[in-house]
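Chain order of the listed sequences is A and B. For the record, in the first sequence the residue sitting at position 73 is 73 according to this note's numbering, with numbers rising by one throughout. For the record, in the second sequence the residue sitting at position 61 is 1061 according to this note's numbering, with numbers rising by one throughout.
Simulated from the structure, these hints should not be mistaken for lab results. The beta-carbon is built from N, C-alpha and C at its ideal position, and this holds for glycine as well. A portion of the hints provided could be inaccurate.
[To be verified] Subject to a maximum C-alpha distance of 30 Å in a straight line, what follows is the list of computed DSBU-like cross-link-like pairs (lysine-lysine):
1. A:Lys104 with A:Lys58
2. A:Lys43 with B:Lys1072
3. A:Lys104 with A:Lys65
4. B:Lys1106 with A:Lys104
5. A:Lys76 with A:Lys104
6. A:Lys65 with A:Lys76
7. A:Lys43 with A:Lys58
8. B:Lys1072 with B:Lys1106
9. B:Lys1106 with A:Lys43
10. A:Lys43 with A:Lys104
11. A:Lys76 with A:Lys58
12. A:Lys76 with B:Lys1106
13. A:Lys65 with A:Lys43
14. B:Lys1072 with A:Lys58
[Said to hold, decoys possible] Over the 12 Å line for every Cβ pair with chain A, so calculated as not near, a few chain B residues:
15. Gly1015
16. Ser1036
17. Thr1053
18. Thr1108
19. Val1109
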Amino acid sequence: EVQLVESGGGLVQPGGSLRLSCAAAGFTFGDYWMSWVRQAPGKGLEWVANIRHDGNEKYYVDSVKGRFTISRDNGKNSLSLQMSSLRAEDTAVYYCARYESALKWWNYWGQGTLVTVSP
Amino acid sequence: QTVVTQEASFSVSPGGTVTLTCGLSSGSVSTTNYPSWYQQTPGQAPRALIYGTNIRSSGVPDRFSGSILGNKAALTITGAQADDECDYYCVLYLGDGMRLFGGGTKLTVL
Chain A
1 EVQLVESGGG LVQPGGSLRL SCAAAGFTFG DYWMSWVRQA PGKGLEWVAN
51 IRHDGNEKYY VDSVKGRFTI SRDNGKNSLS LQMSSLRAED TAVYYCARYE
101 SALKWWNYWG QGTLVTVSP
Chain B
1001 QTVVTQEASF SVSPGGTVTL TCGLSSGSVS TTNYPSWYQQ TPGQAPRALI
1051 YGTNIRSSGV PDRFSGSILG NKAALTITGA QADDECDYYC VLYLGDGMRL
1101 FGGGTKLTVL
């Protein structure tokens, strides 16, 4: 059974940093692209970042470029999102999801971790 | 700036048929945008319904179907049930690694 479990969310001040993690199990992690998708309270979904199975290709939504870094450790079956220069508008539930690159969709999702950016 | 458009809300009667659409502010949606659809109930993670325009995800009932209608992607629900009442999101691939969600449609079954 595929499992994705996010951690690392919490309350952070504007301008601060936070690192999210996603522990993957139940599949060969190193064979798949992975993603972060977020959802602000009461709002819709927003794709944040993708990383290729070997970590050598990364894509970001414009609003986080230069502030967020997606990375992975295939030996530890772990995905990360390093977030810096956080803004109030980054407040959201952050989901880790497995990306099916051939047809460009997300098959499996974690339950999410809440990041709140507030003074 | 490109926007993916969805109806903000829609209503359908139990047993009825509804078609939700997903458009692009910059032009037409095609299969090369790889439209996919996700269902989300409050407090839960999204669940994939349709990918690659019209392929049902594992375990999704065949009353959910995807297509291209005119210049938009479409999700059709036939024989709507009470537990279909939730939010539906489409997402399009825009090239250069970019993916964009629509704003979501809140479906009411009554």
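Lys1106 of chain B and Lys104 of chain A: Cα distance at most 30 Å?
Distance ~24 Å between Lys1106 of chain B and Lys104 of chain A Cα, so the pair holds.
Between Lys43 of chain A and Lys58 of chain A, is the straight-line Cα distance small enough, at 30 Å or below?
holds, 25 Å
Does the structure keep Lys1072 of chain B and Lys58 of chain A at a Cα separation of 30 Å or less?
Holds, at about 28 Å.
Is Lys76 of chain A close enough to Lys1106 of chain B, meaning Cα to Cα at most 30 Å?
Violated: Lys76 of chain A and Lys1106 of chain B sit about 39 Å apart, past 30 Å.
Given pair status - Lys65 of chain A, Lys104 of chain A, alpha carbons within 30 Å:
Roughly 21 Å between the alpha carbons, so the hint for Lys104 of chain A and Lys65 of chain A holds.
Compare the distance between the alpha carbons of Lys43 of chain A and Lys1072 of chain B with 30 Å, and conclude whether the hinted pair is satisfied.
holds, 23 Å
Check on Ser1036 of chain B being off the interface with chain A, judged by Cβ distance over 12 Å
violated, 4 Å
Given the hinted pair Lys43 of chain A and Lys104 of chain A, is their Cα-Cα distance within 30 Å?
holds, 23 Å
Distance restraint between Lys1072 of chain B and Lys1106 of chain B, which requires alpha-carbon spacing of 30 Å or less
Judged against 30 Å, a Cα distance of about 18 Å means the pair holds.
Would the pair Lys76 of chain A and Lys58 of chain A pass a check requiring their Cα atoms to be no farther apart than 30 Å?
The hint holds at about 19 Å.
Was Gly1015 of chain B rightly flagged as not at the interface, with every chain A Cβ beyond 12 Å?
Answer for Gly1015 of chain B: holds, closest chain A Cβ roughly 28 Å.
Could you grab the alpha-carbon distance between Lys65 of chain A and Lys43 of chain A and see if it respects the 30 Å cut-off?
holds, 21 Å
Hints 12, 16, 17 from the list above are not met by this structure, while the remaining hints are.
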